Structure formats: C-alpha cells, structure tokens
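Novice: Using the sequences and the hints given, assemble the complete structure.
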Amino acid sequence: GAGVSQTPSNKVTEKGKYVELRCDPISGHTALYWYRQSLGQGPEFLIYFQGTGAADDSGLPNDRFFAVRPEGSVSTLKIQRTERGDSAVYLCASSSGTGRNEQFFGPGTRLTVL
Amino acid sequence: GQNIDQPTEMTATEGAIVQINCTYQTSGFNGLFWYQQHAGEAPTFLSYNVLDGLEEKGRFSSFLSRSKGYSYLLLKELQMKDSASYLCAFYNTDKLIFGTGTRLQVFP
Numbered sequence: 088g089a090g091v092s093q094t095p096s097n098k099v100t101e102k103g104k105y106v107e108l109r110c111d112p113i114s115g116h117t118a119l120y121w122y123r124q125s126l127g128q129g130p131e132f133l134i135y136f137q138g139t140g141a142a143d144d145s146g147l148p149n150d151r152f153f154a155v156r157p158e159g160s161v162s163t164l165k166i167q168r169t170e171r172g173d174s175a176v177y178l179c180a181s182s183s184g185t186g187r188n189e190q191f192f193g194p195g196t197r198l199t200v201l
Numbered sequence: 013g014q015n016i017d018q019p020t021e022m023t024a025t026e027g028a029i030v031q032i033n034c035t036y037q038t039s040g041f042n043g044l045f046w047y048q049q050h051a052g053e054a055p056t057f058l059s060y061n062v063l064d065g066l067e068e069k070g071r072f073s074s075f076l077s078r079s080k081g082y083s084y085l086l087l088k089e090l091q092m093k094d095s096a097s098y099l100c101a102f103y104n105t106d107k108l109i110f111g112t113g114t115r116l117q118v119f120p
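So the protein lines, in turn, are chains E and C. In terms of my numbering, the first sequence is numbered consecutively and its last residue is 201. In terms of my numbering, the second sequence is numbered consecutively and its last residue is 120.
It should be emphasised that the hints constitute simulated quantities derived from the structure, not laboratory data. If you're wondering where the values come from, they're calculated on a predicted model, not measured in any experiment. Ideal placement from N, C-alpha and C gives every residue a C-beta, glycine not left out. Any given hint could be a false lead.
[As the list claims (entries may be wrong)] Now the stretches of chain E that chain C is said to cover, found in silico as 3 or more residues with beta-carbon under 8 angstroms:
| # | stretch |
| --- | --- |
| 1 | 125-132 |
| 2 | 139-151 |
| 3 | 189-199 |
[Said to hold, decoys possible] One side only, chain C facing chain E, incomplete, derived with CB under 8 angstroms:
| # | residue |
| --- | --- |
| 4 | A51 |
| 5 | E53 |
| 6 | F110 |
| 7 | T112 |
Specialist: In structure tokens, the structure reads:
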C-alpha cells in the first residue's frame, strides 16, 4: 500500500500567519509522530499520537503549536502566529505500534516563514 | 539528561568499508535505530538493536553495547548511492531521540 503522505510539500508564509500541515499515515498504523528537522540537524520530536489521543506532546515548543488526529488516522499540525524560527522541514511518521516497531517517515513539508 | 553524539561528516572511497560511531546517554532506553536520509528525502529505516551485539543485514551491520552507551553502523562495499546522512536514534519510552546525523560522502 501507499506510504506516509504529507501535504503540502512546500509552504511559504509570512510572519504572523497561521498554517496547517497534513499527514496521512499508512493505513492501519495506530501510532503517529510529528518531528521537526532544521538544516544539518536530526529530526526533533514534537508530538506522538496513539489512536486519537496525544500520548506525548512534550516536544511542542510553545502554545503556538497544536496537533489533532480526530479519527485516529489523518493528523494536522497547526502553527499559529508563525515566526521565522519556525522555518524547517516538518516530518510525520507512523508505526503499527510502539517500541521496536519501525517508524515510517513521510517526505515532509518544507515550511518557510518570511 | 539525554544526549546522543555522532561525527558530523565522514568521507570514504567506493568499495571500501566505513564505520559510523554513535554514543548516547539516557535514563530510559528501549533500543537503538539507524536511519539513512538522502538530501531532501525522508529518513528510511536501516537497523534496530535492543540487545548487545551485532546485527547484520546485507552490506550493512549495526552493533550495540548498552553498558557503554555505544553503537556503530558498518557499511561494506561502499557504493556511490550510499552517500547520504546516517541518523542514530535511541528509543525512549515512546519517541525517537535523534543525533544530528553523519553526512557520508563516497568518492570514486
């Protein structure tokens, strides 16, 4: 089947605007993760869903960032009042469970805040 | 606290063997992953170690020593397509904690 997909692939916005980034996980995967990757760095954990609930949101940098997964499948990462420092690639990953289950990554959304 | 460290860059020649080291410190450990990431692409899974020892998978092998907080990824018979970043990550409770990645350049 299809892998993890993310839309849009690129998003350019102005400082202060609101953006939504979408992730479609692999069908049947219960666990969904959001990471942020800056240039030359490894992915940085933001939030993890098990089903519909956010099991761990300790990586969200501040209250401008919020994510939902209302039906336990598609997830949306929402960023309010964007800042230039939010510019990065936002990666989504899904897995069939936690622990040793491999996380499959999507291609990412490159966010640029001007 | 949590910390993970790997070299920033490495170079090697086509056909050679290269070892990429990774050291980590964490209070909670549930396994160590290696991912490959080509420029502009998503990370792809290479290996997973939860017990001490060597895991071999084709040209790639990964080693783990939990007592030393140490892992390495061994790439044999290097090919030009192996030029990529290699990310070391440990699994802590419910999330992966990544290192900065090692950018490997393979030359002919």
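Novice: List in ascending order the numbers of the hints, as given earlier, that are violated by the structure.
Specialist: 4
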